[in-house]
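Residues per chain are reported as follows:
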Amino acid sequence: MYRGEFIAFIRRNFSVDDDEIVDIYQESFIALYENIRNGKLEHLSASLKTYLFSIGRNKILNRQRVSSRVEALKNDYFANEDDGWGLRQEITYNMVREMTEPCNTVLTLFYWERKSMEDIAGAMNYASAQVAKNRKSICMNKLRTILTERFRTEGLL
Amino acid sequence: MENKYTTEELIDRYINDELLSDERAAFERQMKDSPELAGKVELTRHIVNAIECKCEREALAEMSDIDSKEKFQHILRQSEQKHRPAVRRMALRRWILAPVSVAAVIVLVVVGFLPRYSTAELFTMSYQTPLYESLVSRGGIELEPPLLELLDYAAERYEAGDMTAAMKAYDKAAVYSPELPDNARFYRAVAMNETGHIKQAAEEFTLIINDKESEFAEDALWQQALICLRVGERKKAAKLLTEIKAEGGFYSVEAAGLLSRLHKKLFF
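Those sequence lines, one after another, are chains A and B.
Under my numbering, the first residue of the first sequence carries the number 1, and numbering increases by one thereafter.
Under my numbering, the first residue of the second sequence carries the number 1, and numbering increases by one thereafter.
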């Protein structure tokens, strides 16, 4: 979950070698799991991604405190993160929950599991990666059309 | 500068921060000039965030079900194994130079005459799911309600990209009435092809091609040529594409282009 982005985030903002980043990722994930089990995530206001990334950042800062080398973040991920759960996001979330097949699976494989079009074609038994690409494009266009209408109905456009 | 990505791919790369700095700057200029593009990007961001949120909640629920830390660590370690690159070894041998050079030239000549593109590559480059068009079928045949409902459902599933459901609905309709309308026969064959029932699809397309009154004969011939590529029948594909090109119809330009790539050699 978010492994690639986590590694890219740490690499961009801290001087840490790749093996250490993977260790930090695993430690952060275990800490996340422990917090879930301890009931600390019942009232999570930020996204899970933000939470996981902030655990990772704190772990690195704790490690670097020992060597008294505190690096200024070149690109503060958290400063730009908007965790406000606006009406638009709520409408979009409800629409996504209502997604039918095959769009639900195709888009989850692409955007969440970060699968290639070849892998998606295999999973969906499509003739080729191009078919998977076309399907994904059709699904996204449909969603964007529905979303535009819903935003318009709510006076958000 | 030639665009190597489609607009959809550019949008995805932009929101995932995967564009190079000059690509990103160029894309942002495009967005500034096109409110429509900027709107599309914004909607995509909302949708991707919502998908992530939905999947996060599902993942959270899954993680809550793992009842011990040791089990969780084990799952994490197993997952990490997939990301470790395999260690490869390159073994080097010494060859005597002259025979190797001669062999290399022979191989080069032989290989040079091999086709530039495999049939699988040509199929991938050329295939697109035909868009559903609800054309009026010939003869103005009155369809009975159960058949009409089945066909409407099949069409709806086809348009949604659910080819398995579409094919099943068309199959049911065919049992109900062996004389399916023209368009239903065609889209049924497409659904068969897309769900891997290639032989049946080819048989259906052949029937449509041989039906002189069918409005989909030209489309079926094109699909048949692509099926030949898909299954590796190079010569048969070339024959069909030559026929399509000669007819000068809707697909003649595409057929000409595909024929050219089909005959292209690797080096010569």
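Be a bit skeptical, because a hint or two may be false.
[Said to hold, decoys possible] If the Cβ cut is set under 10 Å, some of the chain A residues that face chain B in the computed set are:
1. 16
2. 26
3. 32
4. 102
5. 111
6. 119
7. 126
8. 142
9. 144
[Said to hold, decoys possible] Ranges of calculated distance between the beta carbons of each label pair, as one might list FRET restraints:
10. B/9 / A/94: 43 to 53 Å
11. B/69 / A/153: 41 to 51 Å
12. A/149 / B/115: 32 to 42 Å
No wet-lab data here; the hints were simulated from the structure.
For glycine and all other residues, C-beta sits at the position ideal for the given N, C-alpha and C.
Now for the hints, and whether the structure bears them out:
1. 16: Result: violated, 17 Å to nearest chain B Cβ.
2. 26: 6 Å, holds
3. 32: Holds - the Cβ of residue 32 of chain A comes within 10 Å of chain B, reaching about 8 Å at its closest.
4. 102: 5 Å, holds
5. 111: 5 Å, holds
6. 119: Residue 119 of chain A check fails; min Cβ-Cβ to chain B is 13 Å, beyond 10 Å.
7. 126: 6 Å, holds
8. 142: 9 Å, holds
9. 144: 5 Å, holds
10. B/9 / A/94: 43 to 53 Å: 27 Å, violated
11. B/69 / A/153: 41 to 51 Å: 47 Å, holds
12. A/149 / B/115: 32 to 42 Å: 48 Å, violated
Against the hints set out earlier in the document, violations occur for numbers 1, 6, 10 and 12.
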